[in-house]
Amino acid sequence: MNAMSHVQSGNAYNFGFLDEYAKKEVRRAILKAIAIPGYQVPYASREMPMGRGFGTGGLQLTLSLIGPDEVAKVIDQGSDDSVNAVNLRQFIEMTCPGISTTTKTAECTLIQSRHRIPEQPLTSMQIIVLQVPYPDPLVVVEPSEDKRKTMHSEADYSRLLVKLYEDIVKFDEITISHRYPTRINGHYVIDPSPIPRWDVPKLNDSAAVILFGAGREKKIYAVPPHTKAEPLAFSDVPFQVEDFRDEKGRRRACARCGCTDAFLDEFVADSGGKTWQCSDSDWCDAQLLPAKRLQGEPA
Amino acid sequence: MTPPILQVEGYGKHFQLHEQNKLIPSSHNVNFTVHAGHLTALIGPTGAGKSSVLKGIYRTYLPSAGRILYRDALGHEVDLALAGEHQILELRRREIGFVTQFLHCLPRQATLDVVAQPLLTLGVERPEARQRAAGLLLAMNLPQRLWSVSPATFSGGERQRVNLARGFIAKPRLLLLDEPTASLDPKTAENVIGLIEGLKAEGTAMLAIFHHPETTRRLADQVVELAPPPAVEELLKEIA
Amino acid sequence: MNKILEVRNLGKIYGPGCPQCIESTGPDADTNLCPHCGSVVAIHDVSFDLFEGEILGVMGESGSGKSTVVKALYFDQPPSSGAAIFYDRDKQYELFALNAAQQRWLRNHRFGMVYQNPHLGLNFNISAGGNIAERLLMSDLMDYGAIRERAKALLARTEVLLSRVDDLPKNFSGGMQQRVQIAKALATQPPLLFLDEVTTGLDLSVQARILDLILEIQQELKTAMIVVTHDLGVIRLLAGRAIVMKYGRVIEAGLTDQILEDPQHAYTQRLVASAL
Chain W
17 MNAMSHVQSG
27 NAYNFGFLDE
37 YAKKEVRRAI
47 LKAIAIPGYQ
57 VPYASREMPM
67 GRGFGTGGLQ
77 LTLSLIGPDE
87 VAKVIDQGSD
97 DSVNAVNLRQ
107 FIEMTCPGIS
117 TTTKTAECTL
127 IQSRHRIPEQ
137 PLTSMQIIVL
147 QVPYPDPLVV
157 VEPSEDKRKT
167 MHSEADYSRL
177 LVKLYEDIVK
187 FDEITISHRY
197 PTRINGHYVI
207 DPSPIPRWDV
217 PKLNDSAAVI
227 LFGAGREKKI
237 YAVPPHTKAE
247 PLAFSDVPFQ
257 VEDFRDEKGR
267 RRACARCGCT
277 DAFLDEFVAD
287 SGGKTWQCSD
297 SDWCDAQLLP
307 AKRLQGEPA
Chain Z
208 MTPPILQVEG
218 YGKHFQLHEQ
228 NKLIPSSHNV
238 NFTVHAGHLT
248 ALIGPTGAGK
258 SSVLKGIYRT
268 YLPSAGRILY
278 RDALGHEVDL
288 ALAGEHQILE
298 LRRREIGFVT
308 QFLHCLPRQA
318 TLDVVAQPLL
328 TLGVERPEAR
338 QRAAGLLLAM
348 NLPQRLWSVS
358 PATFSGGERQ
368 RVNLARGFIA
378 KPRLLLLDEP
388 TASLDPKTAE
398 NVIGLIEGLK
408 AEGTAMLAIF
418 HHPETTRRLA
428 DQVVELAPPP
438 AVEELLKEIA
Chain V
3 MNKILEVRNL
13 GKIYGPGCPQ
23 CIESTGPDAD
33 TNLCPHCGSV
43 VAIHDVSFDL
53 FEGEILGVMG
63 ESGSGKSTVV
73 KALYFDQPPS
83 SGAAIFYDRD
93 KQYELFALNA
103 AQQRWLRNHR
113 FGMVYQNPHL
123 GLNFNISAGG
133 NIAERLLMSD
143 LMDYGAIRER
153 AKALLARTEV
163 LLSRVDDLPK
173 NFSGGMQQRV
183 QIAKALATQP
193 PLLFLDEVTT
203 GLDLSVQARI
213 LDLILEIQQE
223 LKTAMIVVTH
233 DLGVIRLLAG
243 RAIVMKYGRV
253 IEAGLTDQIL
263 EDPQHAYTQR
273 LVASAL
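Residue numbers (my numbering), protein chains in the order written: chain W, 17 to 315; chain Z, 208 to 447; chain V, 3 to 278.
Among the clues, some could well be false.
Just a sample of chain Z residues kept apart from chain V, beta carbon distances all over 12 Å, derived [as the list claims (entries may be wrong)]:
| no. | residue |
| --- | --- |
| 1 | N228 |
| 2 | G244 |
| 3 | H283 |
| 4 | L353 |
| 5 | K378 |
Taking lysine-lysine pairs in the DSSO-like style, the calculated list, with each CA pair at most 30 Å apart, reads [claimed, not checked]:
| no. | chain 1 | residue 1 | chain 2 | residue 2 |
| --- | --- | --- | --- | --- |
| 6 | Z | K378 | V | K224 |
| 7 | V | K172 | W | K163 |
| 8 | W | K186 | W | K163 |
| 9 | V | K172 | W | K165 |
| 10 | W | K244 | W | K120 |
| 11 | W | K120 | W | K290 |
| 12 | V | K172 | W | K186 |
| 13 | V | K154 | W | K186 |
| 14 | W | K40 | W | K186 |
| 15 | Z | K378 | V | K172 |
Simulated coverage check for chain V against chain Z, where a stretch passes if three residues somewhere in it have a Cβ under 8 Å from a Cβ of chain Z [what the hints assert, rightly or not]:
| no. | segment |
| --- | --- |
| 16 | 110-117 |
| 17 | 260-269 |
Think of the hints as simulated: they come from the structure by calculation, not from any bench. This one's a predicted model, so the numbers in the text were calculated from it and none came from an experiment. Where a beta carbon is used, it is the ideal one built from N, C-alpha and C, also for glycine.
Using the sequences and the hints, build the whole thing.
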């Protein structure tokens, strides 16, 4: 049987941990998700050897897509080195013998990410899988899933827009910092997972396939390559990304690499003051190299 | 002579009270005509069904018998006893006015607007409608300080003047008047009589019930005397 | 005058229904509960026409089915039988043959509803202005500034203080909540408005002002309305024509003043006699 052939001798687990039937179901759901951009496809989320909420949805997608020649990268909040990212990467390495892993965005073919899309533009050779805690953007305005499904099918998102309206009334701007509701291909509005607003424009017309997996909520959805992704906004109050300006109106730079065009994380420095650094660690490293080279050169 | 605007033939009205299982006769076999520019007065003792005739024509009552032939502005003849509700509403809006002794109006509407209302529904601009309303209220001797308040709190005489002004303002083709001068002081009553004469001269056909025989004598071109309807037993015999 | 709505043989049965439902219920049977199968015949064989700019009163006691009529027409509860045609400009819609999306479109764009219970018509978790914005957003107005201006204009028209545009409806008085509901219903300037017991439970003075407002709006915008009420005073002030319902059936229809002064049906006579 085909399913058996993937079992590696000396390994108690099937390649990719999931059995072939589970992978097949997830792949079918992925194909459907790609065929109906932004539509939440239900699937039978499997039990994984880790708690739900630790990326089990994304992991099932990754494990269903991964082949022996894949180069995988795992990111958590932009970092390859956080406990969560390391654990997931090790799990993938352990259950997928033969694959290779990397921290370099440019070198990978498959990315599993929690809450960030890399700064380095992705290519048509890459797939990014985003972990999703809450797949349905309408859940904040409508508790009944039945009614939400009708609202999605009729593209009735007025109540989400009212939330934006109320935001502007109260705060003079749209205050949604992450999970920004985004309309895909002119119809379905998705919750793009807790990526910052900074990453939302990367969904639009992306060269790479963008997949979303919610393990606990058992949903898969997708933004296929070169598909329109529009964050909800008003014609006179357009969507804006974080601007990282200081009090004087200057764009803050990364304290480590000096870059001024990446998403920054705010830290409390040892001195007690605030400091800013690239959230994407691979990007930061990449910027650092030429910077060091520059510094090393004689004036 | 031109054909009458209104021709009532064999009008009858009785009320069937289901609760008490009773038949109450109100009007019986009433016949008369009303012509443009003329006033027909209904007279007769209390209980002769004078108001019942007016209400039957206006369709506040559903006539029990007879025909109420009305010739509209386009020359078409309509039997008001049988006409559809929307047709009646349209005629009320454009051609037939009714001045009763009661005034139903919005609690907040200024008297001036209450009076101007029939013109507004005909599409007259508000400033002009209000101006014409003011002219009529002036003629009715309604104190100017009352014009901007609602008639809801007015005395009987004041309300009647508002009612009359509203009935007169759109110069209907047929005007039904139910004791229009009953609660007016002599001077105002005299003004109202003048206004009625003016409307008549402009061609309005009128059907009126007056409290004072003297008013009837002065204004009526034609007087129709109604007798109380026969007792129920007689009516039943007739129906059988 | 043009017809805007034509309702024919509208019926609504709650429950399984049986062949004897109809003959065993209604004013003559003195019940709307079928003794054979336990179904409730909420309405049966309700027909009427509504013309542009006209106000039709639907009167009756509780259980008469009067609210069921407007709820069916507003797509809140689908009827069990019957048809309704809505004439809109040069189009006509067979209401109960439309799909859900088409029905929602009509509801949002061409109909308005004001409920007795403001919780049904308003979202209490968002501001008064937000409630109006929601309806405007449903009709694809996407300009924040324009939405805000329109919401303010509507609240001003319905005499809600502009300083309260961003307050939550739960902090409003009952009369004020109804005003916000009316403003919301009018947001898209619908040619047809349903009013279900809108003044019931309000103080008399507040009632009077709401009725005033409704009439002013009807005269200004020429909105056709169906006014459901058990209050004969409301019918007298608002409606040119009225239908009287009992146990789900229309027992009398006519000009409002005629129904109130010369009621034909025993039930209406009793109703009018007890009210005046």
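Open item on the list: Run the distance test for K172(V) versus K186(W): straight-line Cα separation, threshold 30 Å.
Closed with: Answer holds: K172(V) to K186(W) is near 17 Å, not above 30 Å.
Task: K378(Z) and chain V, when compared Cβ to Cβ, separated by more than 12 Å - done: Check passes; 21 Å lies beyond 12 Å.
TODO: Would you check the hint for K154(V) and K186(W), treating anything up to 30 Å between C-alpha atoms as holding?
DONE: holds (16 Å)
Open item on the list: How does the segment 110-117 of chain V fare against chain Z when you require at least three residues with a CB closer than 8 Å, holds or violated?
Closed with: violated (count 0)
TODO: Verify the proposed pairing of K186(W) with K163(W), using a straight-line Cα cut of 30 Å.
DONE: holds (28 Å)
- [ ] Mind taking a look at whether chain Z covers the segment 260-269 of chain V? Criterion is 3 or more residues with CB to CB distance under 8 Å.
- [x] It holds, with 6 qualifying residues against the three required.
- [ ] Taking the shortest Cβ-to-Cβ distance between N228(Z) and chain V, state whether it exceeds 12 Å.
- [x] violated (10 Å)
Open item on the list: Please verify whether K40(W) and K186(W) have alpha carbons no more than 30 Å apart.
Closed with: violated (48 Å)
Open item on the list: Given the hinted pair K378(Z) and K224(V), is their Cα-Cα distance within 30 Å?
Closed with: It holds: about 24 Å lies between the C-alpha atoms, which stays within 30 Å.
Task: Assertion that H283(Z) lies outside the chain V interface [Cβ separation over 12 Å] - done: holds (16 Å)
Task: Pair hint K172(V) and K165(W), alpha-carbon separation not exceeding 30 Å - done: holds (29 Å)
Task: G244(Z) non-interfacial with respect to chain V [C-beta, more than 12 Å] - done: Its Cβ never comes within 12 Å of chain V, the nearest being 28 Å, so this holds.
Consistency note: the structure conflicts with the earlier hints numbered 1, 14, 15 and 16.
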